[in-house]
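Asks: As they're listed, the protein sequences go chains A and B.
With the first letter of the first sequence counted as 1, position 55 gets the number 55 in full-length UniProt numbering; the numbers rise by one all the way through.
With the first letter of the second sequence counted as 1, position 30 gets the number 30 in full-length UniProt numbering; the numbers rise by one all the way through.
It is possible that part of the hints are untrue.
Calculated lysine-lysine pairs in the DSBU-like style (CA-CA distance at most 35 Å, straight line) [stated by the list, open to error]:
#1 A/K12 with B/K12
#2 A/K88 with A/K12
#3 A/K12 with B/K88
#4 B/K88 with B/K12
#5 B/K12 with A/K93
#6 B/K12 with A/K88
Over the 10 Å line for every Cβ pair with chain A, so calculated as not near, a few chain B residues [to be verified]:
#7 T11
#8 S16
#9 F17
#10 R28
#11 M29
#12 T77
#13 D82
#14 P97
#15 G108
#16 G113
#17 D114
#18 E117
#19 E119
#20 D122
#21 D125
Hint data in this document are derived by calculation from the structure and do not stem from the laboratory.
Glycine is no exception: its CB is placed at the ideal position from the N, C-alpha and C atoms.
Number of protein chains: 2
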Amino acid sequence: MAMNTEPINLTKALASFDEVYSPRIVARMNDYDVRIAHTEGEHVWHVHQDTDEFFLVLDGRFDIALRDAGGRETTVTLNQGDVYVVPKGTEHKPSSPGGSILMFEPSGTLTTGDHHEGELPDHVDSTTGHEM
Amino acid sequence: MAMNTEPINLTKALASFDEVYSPRIVARMNDYDVRIAHTEGEHVWHVHQDTDEFFLVLDGRFDIALRDAGGRETTVTLNQGDVYVVPKGTEHKPSSPGGSILMFEPSGTLTTGDHHEGELPDHVDSTTGHEM
Numbered sequence: 001m002a003m004n005t006e007p008i009n010l011t012k013a014l015a016s017f018d019e020v021y022s023p024r025i026v027a028r029m030n031d032y033d034v035r036i037a038h039t040e041g042e043h044v045w046h047v048h049q050d051t052d053e054f055f056l057v058l059d060g061r062f063d064i065a066l067r068d069a070g071g072r073e074t075t076v077t078l079n080q081g082d083v084y085v086v087p088k089g090t091e092h093k094p095s096s097p098g099g100s101i102l103m104f105e106p107s108g109t110l111t112t113g114d115h116h117e118g119e120l121p122d123h124v125d126s127t128t129g130h131e132m
Numbered sequence: 001m002a003m004n005t006e007p008i009n010l011t012k013a014l015a016s017f018d019e020v021y022s023p024r025i026v027a028r029m030n031d032y033d034v035r036i037a038h039t040e041g042e043h044v045w046h047v048h049q050d051t052d053e054f055f056l057v058l059d060g061r062f063d064i065a066l067r068d069a070g071g072r073e074t075t076v077t078l079n080q081g082d083v084y085v086v087p088k089g090t091e092h093k094p095s096s097p098g099g100s101i102l103m104f105e106p107s108g109t110l111t112t113g114d115h116h117e118g119e120l121p122d123h124v125d126s127t128t129g130h131e132m
C-alpha cells in the first residue's frame, strides 16, 4: 500500500466546516485522535473519568472552567498558542467568545464526557469526532 | 493538591531555549508527551517500531523523508499549520531550513528511534525529551 504523503493544513481544515463544538478528526496516531473544533458560546459541565484531555488554542480565546473535589470553581483562560491539559476525573466546562482549538485524546472520547450536567444546547454536538 | 491552572504558551516556551532537535516536554496527558522543538539542518534516518509519531509545524518548514518497505524514498514537505503522522515502523529522516514543531508521542519515545543510521551529528540530541 502506498504511504500517505499528504499533510493536512489546519487553517484549510478549519475553513472546511462552520459548526462550533463539533470536532473533526484531522489525524490519528496509535489509538488517539487529533481533533480540531471551532468554539463559540458555552459548552456544558462534563467529566472524562478515564482520560486527560489536551487543548491547544489555534485562534481566538478559549476558557475552561474547572471544579475541584471541594466544588470550588476556577477558570483557565487560554489565548492563541496556549496549551493546557484537563486532568482525568476533573469536571470542566469550556466556553469561548470565538476561536478554534486542537485536541488530543483517546479515540472514542465523547465531547460531553462520561456524564454531563443539564440539557445539551443545540450548539453542542455530543460526538466522538467526525471525519474530515 | 491545588489544580494547575496555568496554561503554557508555545511561543514563550520556544523562546526559552535555542538548541535544535532537542525537544522540551510542554505537557503530559495520560502516558503521552507533548513536545516542542526547534528544527534546522539534517536529522538522521531512524524508526520507531512501536509507535506512530505526530507532527505539527508551528513555524517555518519541516521536511520528512520516508522510506517504504521497498527502499523507495519520498519526502513530505510541511509548512506552518501542517500536520502529519509518521506510521510506526516507517523509516524517516527529518530535515529543516529552520522552524519549530510540536510532537505527540508516548512518554519515553527516543528522538533517534529504536535504531538510527550512521553517526549522530552534534546538533542532534538523542533524548526522550527534556523538562521545560
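Asks: Against this structure, judge whether each hint is valid.
Replies: The hints, checked one at a time:
no.: 1; hint: A/K12 with B/K12; in the structure: holds (26 Å)
no.: 2; hint: A/K88 with A/K12; in the structure: holds (31 Å)
no.: 3; hint: A/K12 with B/K88; in the structure: holds (26 Å)
no.: 4; hint: B/K88 with B/K12; in the structure: holds (31 Å)
no.: 5; hint: B/K12 with A/K93; in the structure: holds (26 Å)
no.: 6; hint: B/K12 with A/K88; in the structure: holds (26 Å)
no.: 7; hint: T11; in the structure: violated (5 Å)
no.: 8; hint: S16; in the structure: holds (14 Å)
no.: 9; hint: F17; in the structure: holds (16 Å)
no.: 10; hint: R28; in the structure: violated (7 Å)
no.: 11; hint: M29; in the structure: violated (4 Å)
no.: 12; hint: T77; in the structure: violated (8 Å)
no.: 13; hint: D82; in the structure: violated (4 Å)
no.: 14; hint: P97; in the structure: holds (16 Å)
no.: 15; hint: G108; in the structure: holds (13 Å)
no.: 16; hint: G113; in the structure: holds (15 Å)
no.: 17; hint: D114; in the structure: holds (15 Å)
no.: 18; hint: E117; in the structure: holds (19 Å)
no.: 19; hint: E119; in the structure: holds (27 Å)
no.: 20; hint: D122; in the structure: holds (29 Å)
no.: 21; hint: D125; in the structure: holds (22 Å)
The structure fails hints 7, 10, 11, 12 and 13 (numbered hints given earlier, in ascending order).
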